[in-house]
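Protein chains in written order, with this note's numbering: chain A, 16 to 213; chain B, 16 to 213.
No wet-lab data here; the hints were simulated from the structure. Careful: at least some of the hints might be erroneous.
One copy or any two copies: either way a pair holds, since identical chains are not told apart in the list.
The calculated SDA-like cross-link candidates involving lysine to any residue, where the alpha carbons are at most 20 Å apart (straight line), are [to be verified]: (1) Lys24 to Met61; (2) Lys39 to Ala51; (3) Lys136 to Met188; (4) Lys136 to Val80; (5) Lys163 to Thr46; (6) Lys52 to Gly165; (7) Lys136 to Ser60; (8) Lys52 to Phe79; (9) Lys163 to Val195; (10) Lys163 to Tyr40.
Number of protein chains: 2
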Amino acid sequence: MPKIVDHEKQRQIVAEAALRVIRKYGLEQATVRNIAKEAGLSVGSMRHYFCTQAELFAFCMSLFVQRVQNRVEAFSIEEPFLPDLKRLLLQFVPLDEERVMEMEVWFSFNAKVLIYPELKKISEAMQDGFYRAAGFVIEFLLTNNLAKSGLDTDLETEKLYALVDGLAIHQLMQPGRLTVERLEHILDQHLNLLCSGD
Amino acid sequence: MPKIVDHEKQRQIVAEAALRVIRKYGLEQATVRNIAKEAGLSVGSMRHYFCTQAELFAFCMSLFVQRVQNRVEAFSIEEPFLPDLKRLLLQFVPLDEERVMEMEVWFSFNAKVLIYPELKKISEAMQDGFYRAAGFVIEFLLTNNLAKSGLDTDLETEKLYALVDGLAIHQLMQPGRLTVERLEHILDQHLNLLCSGD
């Protein structure tokens, strides 16, 4: 009887192995040979799962997008709302070691976007999800009569998205100065400002 | 008579050639051979100027830091202050094609920080300059009695820095949505908020 291979599951296994290689040794070392070794597969079998390195990288990136999406969808917002809205935004911030590694790998993929245009679409999917989360927060404040009057939805969405993304990047690059507490404090202040103007 | 070579000037020429190669073909193509060709030098002579690729990359990055520093130092703040303070912050934003290219190259260097720790210090020098510029703006508002009362200098510096950096990155990655006008409008609104609270 021929061995039945779950193609999608194997792709997942290969991608997870690729991510481990990238985390440990950097993207430069994510060669077919190294990934095959890490996944416990033969070099020759690799082409069944991914025809090109760009295709593998794209699949790895989409795993990240899926993970963030799952975290966001598992979310419920309960009174007194603002802490939950902050926690929603924090899904895009590298708060623990696991997510720090995720974001470092994500950045190294992003640096390849210029070389592999295939990756651009997935990078944009992540950014769109982030932008929509910021938009959700602003809309939520407005529809629940929490927002101060005269709030410009578009401007505040773009601003919140830039603020949280900037903080996320700085937290990754300069964790000594920008601690998690400081970052959360800035988000608390910003959400309060959107509500009361104080 | 032996030819007198201005060592520092040659390093500059090599670095400028490297930047042209990186812009055109990406960091992966910034090999000794390609850079020598672009600079019109022999491959053998290259090692007189840079012993390692990391040393060359570090020099290229420090050229960028110097350029931004020169732009910031050439700055004077005149009444009515806020537009000039905005222009100061915009020095860190890719507003024109030249700076878009600068920032793209800067990002590809940054992605190498994990592999070449030598680059980390220079990346940090740029970020420190940016953070100090944000701090300068907040201090300026305070010392000139423009800031609304009760402003937390540290918090507002960190927040302004994250906001402008986030906007800069989004402008680079999603110029279709985040136009220069929209970006400037957000900065205007934010600076006004720091002053009047409106």
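Hint check, failures only: 5, 6, 7, 8, 9 and 10
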